[in-house]
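Produce the entire structure from the sequences given, and follow the hints as far as they go.
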Amino acid sequence: MAKRTFAAQIKGFADLTKKNLEYVAVNAVQDVMEAAQTPQPGFGQGATTFEVGKIPVDTSAMINSLVSGADGAFGAPGAASYSVVLAGYELGDVMQFAWTAPYAIHVELGTSKMPGRHFVGANAARFSDFVQDRVAEVRK
Amino acid sequence: MRAADIANALEQHLGEIPDVLTIVWENQDAQPVAPYIEVQNVRTSVRDGTIAGGAAVHEGYLVLTVVTAQNTFATPANAVADDLAAWFPMGHRLAVLGGGHVVIPRPARVLQGFPDGANWRTPVRVEYQAMGA
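Chain order of the listed sequences is A and B. Just so you know, the first sequence maps onto residues 1 to 140 in the working numbering. Just so you know, the second sequence maps onto residues 1001 to 1133 in the working numbering.
Note that these hints are calculated values from the structure, not bench results. All clues given are correct.
Below, simulated SDA-like cross-link-like pairs (lysine to any residue); rule was C-alpha separation at most 25 Å, straight line:
(1) K140(A) - R1047(B)
(2) K140(A) - I1051(B)
(3) K54(A) - A1004(B)
(4) K113(A) - T1022(B)
(5) K113(A) - N1119(B)
(6) K113(A) - A1074(B)
(7) K54(A) - V1110(B)
(8) K113(A) - D1029(B)
(9) K113(A) - E1011(B)
(10) K113(A) - N1078(B)
(11) K113(A) - L1014(B)
(12) K113(A) - A1030(B)
(13) K54(A) - N1027(B)
(14) K11(A) - E22(A)
(15) K54(A) - V1042(B)
(16) K54(A) - V1024(B)
(17) K113(A) - A1034(B)
(18) K54(A) - R1002(B)
(19) K54(A) - R1047(B)
(20) K140(A) - G1049(B)
(21) K54(A) - Q1112(B)
(22) K140(A) - S1045(B)
(23) K54(A) - N1041(B)
(24) K113(A) - R1043(B)
(25) K113(A) - P1076(B)
(26) K54(A) - Q1129(B)
Model, not experiment: these values are computed from the prediction.
So, in structure tokens, the structure goes:
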């Protein structure tokens, strides 16, 4: 059996560490985005109640207004546009996501007529929990 | 630790601000004449890092929205928002009924204001963690 040099072993360990870091980063961000894009019926669809942390959908305009980018380069909008960015992610990339519907801020933070849904803030706040879960996966 | 007790500790502290504007608490269907403050409590997670359990940490954030009339200067709203943020300084601890405490883990943030009908809304985000004694 061929023995690897110490340097090769270290490099192998570093490669695995990098791979694991990317796995954690991509999947934890994906967890946030999937949670944020989890739909619930809006009042326009007859809903009488709502859940904080889910995006309300009446016409799908807002859920489809998501634009995603890395290092300032954004792709086409779409409900799953984040998956394209995540697929090409490399450590060090800065990922950006934005809902461009003009009323997205009102839905997120609320108005005098309705409380905020916090589909972004509530899920972004769970990022460290998602990271811990994904770290646990790579440690198995 | 009960979520209701955590909310009570935070809201009681908020209500103790001197000369505070009218506060519309969560689930109150009231629209007083601006200016006023709206409260929303967003509970984000409960986790327990121990094997045995019994050490749950409740996390969430308050959104305190300063509502003022639109087409006026934003300065007074920003000043109230700053006061609200300062009322919940990083590291501040509040006792929770039945034991435990709430702590403010990072500085409260005044967010970008935005128009809403005849009003202008300036949100303040106050993050919190609550844990047993």
